[in-house]
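Student: Keeping the supplied structure of chain A fixed, place chain B upon it in accordance with the hints.
Top line first, the protein sequences correspond to chains A and B.
Numbers 1 to 186, taken from this note's numbering, label the letters of the first sequence in order.
Numbers 1 to 148, taken from this note's numbering, label the letters of the second sequence in order.
One should not assume that every hint holds.
Said to hold, decoys possible - Cross-link-like lysine-lysine pairs, in silico, DSS-like; alpha carbons within 27 Å at most:
#1 66/B / 90/A
#2 93/A / 66/B
#3 58/B / 97/A
#4 93/A / 147/B
#5 143/A / 168/A
#6 90/A / 58/B
#7 38/B / 90/A
#8 97/A / 136/A
#9 30/B / 168/A
#10 30/B / 90/A
#11 38/B / 2/B
#12 110/A / 93/A
#13 22/A / 93/A
#14 97/A / 185/A
#15 136/A / 110/A
To be verified - Partial pick of chain B residues on the chain A-facing surface, computed with a CB cut under 10 Å:
#16 61
#17 99
#18 127
#19 131
#20 137
Please keep in mind that the hints were generated in silico from the structure rather than gathered at the bench.
All figures in this text were calculated on a predicted structure; none of them were measured in a lab.
From the three backbone atoms N, C-alpha and C, an ideal C-beta is built for every residue, glycine too.
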Amino acid sequence: MKKSLFIFLLGVCITNLATAQKFFTKTGRIDFNATAPSSPENIQAVNRTVTCVLDAANGNMQFAVLIKGFTFERALMQEHFNENYLESDKFPKAEFKGAVANNAAVNYSKDGTYAVTVKGKLTMHGQTKDVEAPGKLIVQGGKVNATASFAVLLADYGVSIPGVVADKVNKTAKIEVACNLEPLKS
Amino acid sequence: MKKNLKIIVPLVLLIVALGAWYAYSEYNRKPANMENAKADFVTNAATLIGAFEENEVKANQQYLDKVVEVEGAIRTVSQDDAGLYTVTMGDDGSLSSVRCSMDSVFNEQARSLVPGSTVSIRGVCTGFMADPLLGSDVTLVRCTILKK
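This is chain A alone, in the form it adopts within the complex:
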């Protein structure tokens, strides 16, 4: 009897450990693309220093990214992005706080690919808006690979596109997120 109780408690502990797991990265990647359909040049940038934390227990997910960490191929474009559009001196960070809406469908202790929907609030350029994005979680060997893709209407965040470049810069920017999350040792 005692032994079975012990095993039961041990089992409870292990499941608790498994579900209380947090995953994180500091080297996540975000691709930003605001190329207008007819534009001859690509207006795209990449940031490889994205911080992300995912709590397996409740699906809570957070991203933080430094605007100045976005690298463009052309220095001039990068300067305009920082100075005229996102004003990164005033608003150095963009943040997302939300959750995996269908977290119950994800088994973090079993390898597999799970289609998820992430919902939450995105803050950039000092403005906060609700966003919802389809994404994918790939659980493999105790690590989680998280990817998602969504579009943001730049005007929603108070970013205005001057008329002269309206044919080059799209009104909506495509954001692609890719993070390899490691278990957080606590």
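Tutor: What follows is chain B alone, placed relative to chain A:
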């Protein structure tokens, strides 16, 4: 009058050509290579982290977008899927670090780094991420390791 025109026309053409050349080179300008960039600040990891922990707004004004040369003890060297290296520097016993995202051109240099040894790294400061759970980081991008 004709004499004046002889001077003015070539002069205008020259100005237009110079303007076009300037616009073209500006348009094609690449982000500065850190190997030959002049450092705006030369400091060490503890001082840089301290500045951001004490007053992030003030430190942002001072360091954001600036070329910073940092000396410190290597804590970790890691490589991501795309093959890019990230080097972190900082004191043992503190969660805070200077996180250097290496320029892919200098991957060879990063590969040979040993945790615990002291290096100087030059990069562009992009800001500070304060996180009580993961530890705070001052981030540098497009980094290169300075030869001793």
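Student: A separate judgement is required for each hint: does it hold in the structure or not?
Tutor: Hints, one by one, checked against the model:
1. Under the criterion of a C-alpha separation no larger than 27 Å, the hint pairing residue 66/B with residue 90/A is consistent with the structure, at around 16 Å.
2. Taken as a hint, the residue 93/A and residue 66/B pair is honoured in the structure, with Cα atoms around 17 Å apart against an allowance of 27 Å.
3. The suggested pairing of residue 58/B with residue 97/A holds, with an alpha-carbon distance near 26 Å, which does not exceed 27 Å.
4. Simply put, residue 93/A and residue 147/B have alpha-carbon atoms about 32 Å apart, too far for the 27 Å limit, and the pair is violated.
5. Restraint check for residue 143/A and residue 168/A: not satisfied, since their Cα atoms lie roughly 39 Å apart, outside the 27 Å limit.
6. Pair hint residue 90/A plus residue 58/B holds up; C-alpha atoms about 12 Å apart against a cutoff of 27 Å.
7. Annotation: proposed proximity of residue 38/B to residue 90/A holds, straight-line Cα distance about 25 Å (limit 27 Å).
8. A hinted pair counts as satisfied when its Cα atoms are at most 27 Å apart, and residue 97/A with residue 136/A qualifies at roughly 17 Å.
9. About 19 Å separates the Cα atoms of residue 30/B and residue 168/A, which keeps this hinted pair within 27 Å; it holds.
10. As the CA atoms of residue 30/B and residue 90/A are separated by approximately 24 Å, the hinted pair is consistent with the 27 Å bound.
11. Of the supplied pair hints, the one linking residue 38/B and residue 2/B is violated, its CA atoms being roughly 50 Å apart against a limit of 27 Å.
12. Straight-line distance between C-alpha atoms of residue 110/A and residue 93/A comes to about 34 Å, which puts the hinted pair past the 27 Å bound.
13. Straight-line distance between C-alpha atoms of residue 22/A and residue 93/A comes to about 23 Å, which keeps the hinted pair within the 27 Å bound.
14. Taking the CA atoms of residue 97/A and residue 185/A, the gap is about 22 Å. The hint holds against a cut of 27 Å.
15. With a C-alpha separation of about 15 Å, the suggested pair residue 136/A and residue 110/A falls inside the 27 Å cut-off, and the hint holds.
16. At its closest, the beta carbon of residue 61/B sits 8 Å from a beta carbon of chain A; the interface hint therefore holds under the 10 Å criterion.
17. For residue 99/B, the interface hint holds, the least distance from its beta-carbon to any beta-carbon of chain A being 7 Å, beneath 10 Å.
18. Look at residue 127/B: its Cβ gets to within about 4 Å of chain A, closer than 10 Å, so that hint holds up.
19. For residue 131/B, the interface hint holds, the least distance from its beta-carbon to any beta-carbon of chain A being 7 Å, beneath 10 Å.
20. A hinted interface residue such as residue 137/B counts as satisfied when its beta carbon comes closer than 10 Å to some beta carbon of chain A; here the least separation is about 7 Å, so the hint holds.
Comparing the model with each numbered hint stated earlier shows that hints 4, 5, 11, 12 do not hold.
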